[in-house]
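Make the full structure from the sequences, and use the hints.
Order-wise, the sequence lines are chains A and B.
Going by our numbering, the first sequence runs without a break in its numbering and finishes at 273.
Going by our numbering, the second sequence runs without a break in its numbering and finishes at 336.
Just so you know, not all the hints are guaranteed correct.
[What the hints assert, rightly or not] To give a feel for the contact side, a few chain B residues facing chain A, derived at Cβ under 7 Å: (1) Asp131; (2) Phe142; (3) Ile201; (4) Leu243.
[Claimed, not checked] Computed cross-link-like contacts, DMTMM-like style, restricted to lysine to aspartate or glutamate with a CA-CA straight-line distance of at most 20 Å: (5) B/Lys200 x A/Glu27; (6) B/Lys317 x B/Glu257; (7) B/Lys133 x A/Glu27; (8) A/Lys114 x B/Asp87.
[Claimed, not checked] Computed Cβ-Cβ distance ranges for the label pairs, DEER-style: (9) A/Leu205 x B/Ser78: 50 to 58 Å; (10) B/Lys90 x A/Gly162: 18 to 26 Å; (11) A/Ile45 x B/Gly146: 53 to 61 Å.
Hints in this document: simulated from the structure, not taken from any laboratory.
Beta carbons are placed, not taken as given, at the ideal position from N, Cα and C, and that holds for glycine.
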Amino acid sequence: MGINPIEYQPWTGERVGYSARVFAITETIFRERLKSKGILALLIIGTILAHMFTLMMGIMIPHEALESEMMRSYLKSELFLLFTIFLASLVCAGLVSEDLGSNSFVLYFSRPLKTESYIIGKMAGAIGIMGLYCFLPPLLIGIVMVGTQTGSDYLGSLAVLGITMVAAALITVLFVPMGMMISSFTKRRTYAAVGIFMMFFSMTLIGGIFSTFDANWQLASPINSLFYTFDLLFGASIPENINGWGIGIIMACLLIIPMIVVYIRVNFKAVGK
Amino acid sequence: MTIDMVQADVKVGKTPNKANTSKPTMVVRDVTMRFGSVTALNDFSAEFPHGIVGLLGPNGAGKSTLIKSALGLLRPGSGTIRIKGMDPSKDMMAVRDAIGYMPEHDCLIPTKNAVQLVSYLGQLSGMTSKDSKRRCHEVLDFVNIGEERYREISSYSTGMLQRIKLAQAIVHDPEILFLDEPTNGMDPQGRDDMLDLISKIARSGKSVLLSSHILDEVEQIADHAIIISNGALIKEGDIRSLLLGEEGLYRVISRGEKEALATFQKGLKGLGKIHTCETMEGSMTLVIKLEGSPSDSGLFHLAAEAGIQIRALKPEKLSLEDVFVNAFEGSEKNGN
Numbered sequence: 001m002g003i004n005p006i007e008y009q010p011w012t013g014e015r016v017g018y019s020a021r022v023f024a025i026t027e028t029i030f031r032e033r034l035k036s037k038g039i040l041a042l043l044i045i046g047t048i049l050a051h052m053f054t055l056m057m058g059i060m061i062p063h064e065a066l067e068s069e070m071m072r073s074y075l076k077s078e079l080f081l082l083f084t085i086f087l088a089s090l091v092c093a094g095l096v097s098e099d100l101g102s103n104s105f106v107l108y109f110s111r112p113l114k115t116e117s118y119i120i121g122k123m124a125g126a127i128g129i130m131g132l133y134c135f136l137p138p139l140l141i142g143i144v145m146v147g148t149q150t151g152s153d154y155l156g157s158l159a160v161l162g163i164t165m166v167a168a169a170l171i172t173v174l175f176v177p178m179g180m181m182i183s184s185f186t187k188r189r190t191y192a193a194v195g196i197f198m199m200f201f202s203m204t205l206i207g208g209i210f211s212t213f214d215a216n217w218q219l220a221s222p223i224n225s226l227f228y229t230f231d232l233l234f235g236a237s238i239p240e241n242i243n244g245w246g247i248g249i250i251m252a253c254l255l256i257i258p259m260i261v262v263y264i265r266v267n268f269k270a271v272g273k
Numbered sequence: 001m002t003i004d005m006v007q008a009d010v011k012v013g014k015t016p017n018k019a020n021t022s023k024p025t026m027v028v029r030d031v032t033m034r035f036g037s038v039t040a041l042n043d044f045s046a047e048f049p050h051g052i053v054g055l056l057g058p059n060g061a062g063k064s065t066l067i068k069s070a071l072g073l074l075r076p077g078s079g080t081i082r083i084k085g086m087d088p089s090k091d092m093m094a095v096r097d098a099i100g101y102m103p104e105h106d107c108l109i110p111t112k113n114a115v116q117l118v119s120y121l122g123q124l125s126g127m128t129s130k131d132s133k134r135r136c137h138e139v140l141d142f143v144n145i146g147e148e149r150y151r152e153i154s155s156y157s158t159g160m161l162q163r164i165k166l167a168q169a170i171v172h173d174p175e176i177l178f179l180d181e182p183t184n185g186m187d188p189q190g191r192d193d194m195l196d197l198i199s200k201i202a203r204s205g206k207s208v209l210l211s212s213h214i215l216d217e218v219e220q221i222a223d224h225a226i227i228i229s230n231g232a233l234i235k236e237g238d239i240r241s242l243l244l245g246e247e248g249l250y251r252v253i254s255r256g257e258k259e260a261l262a263t264f265q266k267g268l269k270g271l272g273k274i275h276t277c278e279t280m281e282g283s284m285t286l287v288i289k290l291e292g293s294p295s296d297s298g299l300f301h302l303a304a305e306a307g308i309q310i311r312a313l314k315p316e317k318l319s320l321e322d323v324f325v326n327a328f329e330g331s332e333k334n335g336n
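Below is the structure:
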């Protein structure tokens, strides 16, 4: 029985705008993911291993300015990337698969919520968590490095800091649409998590195999595409046999195509059962 | 309508008739919906008045398609749907703000507890975080979910799940409620409680569309019934009128000697069409369609001549099941 059984009472409050409702999804995803022990552990261990070392070195080793080469090699570190993929797998696994498994789409779409709002809300929550690992630490490290530089070229350092922010934002966002797409294919969170990790692994493998025929096949791997993008952003050269436009196209595809797939899947499932 | 009549309505859980006279909640006109070669709604037209409306029909009749179309999830191939004057395909957001939907199937997120889920869905319906938390406890109290509200939903019984589904549908205080098989899987006590809750909601001025195949329940609480089959409307009307059955149909219970009863039955054939007749140890129960009132028809005179007693004579009332079966027989004859 209820704590305090009552008659039906009308609600007399005011409704908020539709954008605030999308924010409710984002906030819930962010809070739930932060409560997950696995994600918390990854965030802590990953931050210590991938970011703390760079931060300590940056503070201890005297430097004249924030150098783009240093930030490029930091963002391209394999350890950083490995933890990013692990984190993306855990964060994105349940984004759609949980709702598929529990048939709860109907709870969302019987309410004033569009498919795109649902996707944006979920994605923003996941990006928020990814940002704690992929965006915030590089930004802090950049700021600390600028703060502790011995030289006076602050403008140059700030320019590198700006590029670092763009690169960090890219790595924060890039894995979420793909993770969400894999999540929309299965009702099981575990399958989705493994699927996300395996997708990056297998695409790298495919890219590696076919690159013996054409070097541009390397771009089939999101990791390689991301690394070449970092090279371009930080002004480093890319191999001559790699098509610069190809990198842009692949990056755009990696961001846009998964979102279209998710949109179609969610729309299809929303009116399903 | 007298005060006594209104009170009688409230006692049996029906909304007072005053509400029935207001504008219809939902108007559906010539709606056709096809999925490939399957026609889910076939030129369906109906008006859903204020109060509790029972939407009846067998599986695959088109009930869910109608509800989904009303929610704007599906766009009809032709025809129009208006909810409180709004078009769900154009004013989808406003329509959904006005509707609370309790789905038939399992749809609750098992990893959340009732408080988390209901307040989250309240927020999605436009409540602030603070409002939704307060309101969530209010509706959980209303549906009789106690301390269990802090347990994960995966540990709930079927009855509790149904209550949570109702709670999430009413959390934003919608004007219209779509309830799809609300008592599914509940025990008799739980079913009565659920019907009581629905009646209470309706008495607060809400319109309720109750889709169910348990006709008893609909008969118990609904004011109006709409029967649908193969995507088409086959019968609709005020529950009371539907249950009254055909005009001039009477149930007559008589007692007497076997021969006298036979004479009486023979004589009755001249007064009208006998629908059913059961005879058992000096008693005869029959349903007859009389022309005019029983006193004018000569029924009592015939009984006196035959030497039998008329123990009961009352207008024949139907159960909703009879209405349902008759409607289906009628629609089959018409080729629907």
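Each hint tested on the structure:
1. Given the 7 Å rule on beta carbons, the hint for B/Asp131 holds: about 4 Å separates it from the nearest Cβ of chain A.
2. The beta carbon of B/Phe142 is positioned within 7 Å of a beta carbon in chain A (closest approach about 6 Å), and the interface hint is therefore held.
3. Given hint, B/Ile201 at the interface with chain A, holds; its Cβ is 5 Å from that chain's nearest Cβ, closer than 7 Å.
4. Interface restraint check for B/Leu243: the shortest CB-CB distance to chain A comes to about 27 Å, outside 7 Å, so the restraint is violated.
5. Annotation: proposed proximity of B/Lys200 to A/Glu27 is violated, straight-line Cα distance about 34 Å (limit 20 Å).
6. Straight-line distance between C-alpha atoms of B/Lys317 and B/Glu257 comes to about 28 Å, which puts the hinted pair past the 20 Å bound.
7. Proximity of B/Lys133 to A/Glu27 is assessed by CA-CA distance (about 15 Å); at most 20 Å being required, the pair is judged to hold.
8. Annotation: proposed proximity of A/Lys114 to B/Asp87 holds, straight-line Cα distance about 16 Å (limit 20 Å).
9. For A/Leu205 and B/Ser78, the hinted distance range of 50 to 58 Å is satisfied, since their beta carbons lie about 52 Å from each other.
10. For B/Lys90 paired with A/Gly162, a C-beta distance near 45 Å fails the hint of 18 to 26 Å.
11. About 41 Å separates the C-beta atoms of A/Ile45 and B/Gly146, a value inconsistent with the hinted range of 53 to 61 Å.
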